[in-house]
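A.B. asks: Reconstruct the complex from the two isolated chains, following the hints.
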Amino acid sequence: MDMLLNQYYLQIAVFVMVNAILGVSIYLTLSTGQLSLGNAGFMSIGAYTCAILTVKAGFPVYLAIPIGGIAASLMSIIIGFPALRLTGIYLAIATLGFGEVVRVIVLNLKITNGALGISGIPTLGTKISKMLSSFGLPQKFGGLSVQQTSTLLVLLILVLILVFLVFFCVRLNRSRVGRAFAAIKADESAAEAMGINTTYYKLLAFALGALIAGIAGGLSAHLTFFIGPKDFAYHRTVEILLYAVLGGSDLVFGPIVGALILTLLPELLRSASNYRLMIYGALLVTMMAFRPQGLISEETVRFWKSKLGRGSK
Amino acid sequence: MTNINLSIIKHKHNKDGVFVTMKKGFIKKWVTGLTIGALLLTTAGCGGGGTAPAANNDSKGEAAKIGVIAYLTGGGAAYGTAIKEGLDLAKDEINAQGKVQIELIYTDSRGEKTEAINAANKLINKDNVVGIIGPTLSGEMFAAGPIANQAGVPIMGTSTTAEGIPALGDFVFRNALPEFLAVPQAVEKAISTYDLKKVAVMYSNNNDWAVSGYKTIESTLKKNGVEIIATETFADKDTDYSAQLTKIASLKPDAVMVSSLYQEAALVLKKAREIGITVPFVGTNGFNSPELIKIAGPAADGAIVASPWFPGKADEKVQKFIADYKAKYNNKVPDQFAAQAYDALYLYASALEQAGTTTDRQKLRDAIATIKDFQGVTGKFAFDENREPVMNATVLIIKDGQFTELK
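Sequence order for the protein chains is A and B.
Taking my numbering, the leading residue of the first sequence gets 449, the next gets one more, and so forth.
Taking my numbering, the leading residue of the second sequence gets 2, the next gets one more, and so forth.
So that you can see chain B by itself, here it is in the shape it has in the complex (with noise of 0.2 Å):
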């Protein structure tokens, strides 16, 4: 590597200023064609050894395969590597039960349509899976899911919680729990505690998500004959909120819903307690982050959100799954996207194992279609008709920097 390298610097320093004969082009050719080959070579190595699937399940009979679509490099890593995380506990625990052998097949899709696209054609076509998990987000899942539809794979997303998505097609699914069935919970609860009349609503409005959860909340409220006496938008990474706020405060409203990502909720919750609201927060999904709780501090206190997952629950299941996921993964918590996943693994495994089969991809849908009174780790699960997921959440809130079940 050194050694093209140098030759590199000498080559170009030769030639500084003078006239560049077709010879020299021609060896510099050569040097580039090398340097790129080293770098294609080294770098492959490194990437091969890190997420070749494991390789022992093929004395125990033919593994299944499952494709994975997941957002494992860009701005919303962590996000696919908390669902890598919770997929590969699952899979070591279910290869290790050995009803069923299951092989995963990771691909990236960087968080953008025509990747997922590539790679739900990649998982199909190529390494021919049985089913498929993923993509991460409900915009990849919007151009990934017609494709697996069209060609008869089943597909299940883990965090894809936008209106719409299971109404793609027969075979598409998911295991979130989408923000029309999780945000009302926790709206709802918030108007029965505090005896809600006025409330003032924000939300992102560039960002597809937080637009959902804030049609939503609005739709809740008017159900419920609550007034909304303000609703004032933001942007994602806005950073100052204090003339939404000023004139929020000045409503004096019984309650704040807010819809977006924690970056932005724990900013607003801040500047929020900073300006004397003191009123009550109920957030969408995005409240539900410890990552809130680090940024606002002693702000979140008030801050109510509907979860599938509470780390805090007292069962079994539960806190095996963290015991487990903490051993493995450093002591880290597992959060709901790694939780989510690793229920899914399960869906797809007892699916598996209720159709008999390792590659039919037919058999396998209508598995899972009929699946009843599954028990996961984000509580108990069933898909209804139109394939959306049937499950409680639990409604949190924060109290001394804690997530705590809203009783």
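Next up, chain A with everything else stripped away, as it sits in the complex (with noise of 0.2 Å):
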């Protein structure tokens, strides 16, 4: 027990939920069937609102987090209006320069400190490791100090917020809402013939999408004590993008699935040390060799239900 509650280990799993929160947030945009490439972008305006609200004006951490996915949210619809007009690559395209319009913008501005980044934000850790301290919580408590203790109530937060997600996304695909963006996924003209206002429903989920990857950011922010214009740029994106297609994009458990591997995979593959991004890179291209729908696909679900069914009786 006392292995597993490392902080090292504590600490990984964090990433790793941060990470699958940002899977979500791809997925919700795939599930009209659009490749947007701007989830970095959104990240990032939600990363420095929250920053930026809670170091420069003071606001506090649950209230500054959401307003950052909100943020995100807003500028995801002004600019979704002409960009949705495009489809596959085109799209791609338009939202990987937004990406980078963003970047570019956060590298100008004084208030985001330009490259120089923001540094010395408080982080929910330290936050409520202090609420702990002042609830007279001794150093020791159950064995954990108080450092574990705050980090695994911070991964219960995010445990919570994914659990959240997770579940309003299986409701979502069964509800009207979600009915539409399969119908637009499957056929953008068919949907539109049978009376779908398709650019609400994409616009709809681009916004989604952009409002959970700002909070994504805001989180991000508040775990890493610094951010700065670069760990939003290009590479970022495809990142998140390979959570996706590692993991598969049909149903929300896939991108989930792929930040979690893409995550731990680094880490695992220390003790490689200089070739472990080679090992990484060959594991994706194996995979898109053998499993181009990614390791979860619906056949797989059915598959498995239809055997472990079999097993019971």
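One thing to keep in mind: the hints can contain errors.
Here are some, though not all, of the chain B residues that point toward chain A, as calculated from beta-carbon distances under 10 Å [as the list claims (entries may be wrong)]: (1) Asp109; (2) Asn119; (3) Ala144.
Residues of chain A placed beyond 10 Å of chain B at every Cβ, according to the derived structure [unchecked claim]: (4) Phe507; (5) Val509; (6) Leu511; (7) Pro514; (8) Ile537; (9) Val549; (10) Phe583; (11) Leu608; (12) Arg619.
Just so you have them, the derived chain A footprint on chain B, three or more residues with Cβ under 8 Å [unchecked claim]: (13) 122–129; (14) 203–209.
Calculated from the structure, these hints are not laboratory results.
Even for Gly, the Cβ is constructed at its ideal location relative to N, Cα and C.
C.D. replies: As structure tokens, this is what we get:
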């Protein structure tokens, strides 16, 4: 147990959770068949809004994070109107451009501190540990240090957010909105002919994705002490997209599993030192060669369901 | 290995355009698994061989474990490699002297802050190191420093020059001369030598470190009453500077100050000499690289930089370090990253010796904080009360393709 609650493992688990939330954000935009590469941009808007609010304006963290998400979401609606007229690769390029524009703006603004980034952001962990000590919690509590307890609590909050998001997505899929998303994904023209307001639903998916990306950005800013424009560059977008590509984008669990694997992998491969990125790359290539639809697809679920169903009889 | 590969091809061929049955999918999964397994095994084997710490320390009592977070793979791997080389050389010497035994545990940060955080957590909580050297970049330090500080583990940056790093906490140190201490020395020396009245300033505005250097240049110039007649910006990886330099040439400054990495600095110098700007150029640490001379050629003459590391110094310790480094690493001349890493490990060694412990992090921290009159290859060294280094830089000027001291 002590082994499991090591600060190192807890920290990795925290990053896994944040990345899983980002995975949900890309899943939502992909659920209407839109390939948007703007997630890092939205994440950056969320992170900076949130960090500026807490560091410079003294907002409490629990207020600043949702505000960051909403800011990202508003931005997505503004750029969504013109951008979502595009489809496929053209949309990808447009949203990719958007992400770069955000990065360059952040780089040149005074309030974001340009290339120097914002440092000294209060982390959720330190906030919680301060709160715990003010409640009179002793240095050691049930064999855990204050640091461990607070990281555990942070992890718990993140798990709750993720569980809520998964629940939301699963329910969404069974709703009118979810069916509309699926119809648009399958065939946009046919969906339009059936009377679905495709612009509305596409924009909705886009804005929801941006909201979640913004919240994830705010969370990550309050977990890493420091944000700089480099953190939200093009490579971050690709990383987020990889979660969906590796895990599969049919079901919400796909990108979550993708995020889990791709966040754990570099740490698991630490012993391979200089070769670890090579292995990482090789695994991705192998994946694409053998399972282009991603690890988890609807068939996988059906297959395991039938298999387990037979086993229990 | 070849067998497995062949079978992959066969399966793929069988399946072209054919409906995939469950059974075939199953076989495919196994083949994939085997390939991955084989890959992992072979590569992990290679990696282990390259970085296994010297195990012969154990015989001479318990070795102090010091973790290193360095930029070992990716775009800035050259920095991380130089740091590793400097550290390895220092470790061998220290262990041979026998006063303290040190074991180094390397972790790669890829120049990314989340990786740096994970690396710091791993070193502190899994490897139980007594102290940390690194990370390489200031941005990484802003993320990893607070982690070490919270856990009460001393952490020392050897190349983190941005302002505000030791302010992260009582356990955060650096032996890298920060820009705000080094740059003013170069600027002031240039002002007094060349009697500068009006200068132009250029900097790369998308590089955190270059912006910080620019701010220092600006404040030093203001303090000395020198007029800034133009401030021009560019971005990292730019290749064309004619617009900025043409404007500067028309204003006829007494000198040009540039804050950027060496690639950009070299191109700026080349272009400037080409369009006839012959005045001295004063640079931040980016100028302090042999690469600058390699790229800019004769155009680099007249470039001025302040550096804590000067290989031409007539100092016994410096010359011995260069000779040993050359002997160990294929005749390579150590750069300042290697030199500062080398000194950092000696700082740790002397603190460990003084603290008389190989595991007590608090004692080690206190011992580091009181270091005074330490003589390293980068000169005389001490920590001030804010854990900032107190050291002198040498102001260098490039003459005939060589760094020489500006007197």
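A.B. asks: Are the hints correct? Go through all of them and say.
C.D. replies: Quick rundown of the hints versus the structure:
1. Asp109: Holds, because the Cβ-Cβ distance from B/Asp109 to chain A comes to roughly 7 Å (cut-off 10 Å).
2. Asn119: holds, 6 Å
3. Ala144: OK, holds: B/Ala144 within 10 Å of chain A, min 5 Å.
4. Phe507: Check passes; 21 Å lies beyond 10 Å.
5. Val509: Its Cβ never comes within 10 Å of chain B, the nearest being 16 Å, so this holds.
6. Leu511: Label holds. Min Cβ-Cβ 23 Å, cutoff 10 Å.
7. Pro514: A/Pro514 is indeed farther than 10 Å from all Cβ atoms of chain B, at 23 Å.
8. Ile537: A/Ile537 is indeed farther than 10 Å from all Cβ atoms of chain B, at 25 Å.
9. Val549: Nearest chain B Cβ is 14 Å from A/Val549, so the label holds.
10. Phe583: holds, 19 Å
11. Leu608: holds, 22 Å
12. Arg619: The assertion about A/Arg619 holds, with a minimum of 31 Å to chain B.
13. 122–129: holds (count 5)
14. 203–209: This one holds; 4 residues, not fewer than the three required, reach chain A with a Cβ under 8 Å.
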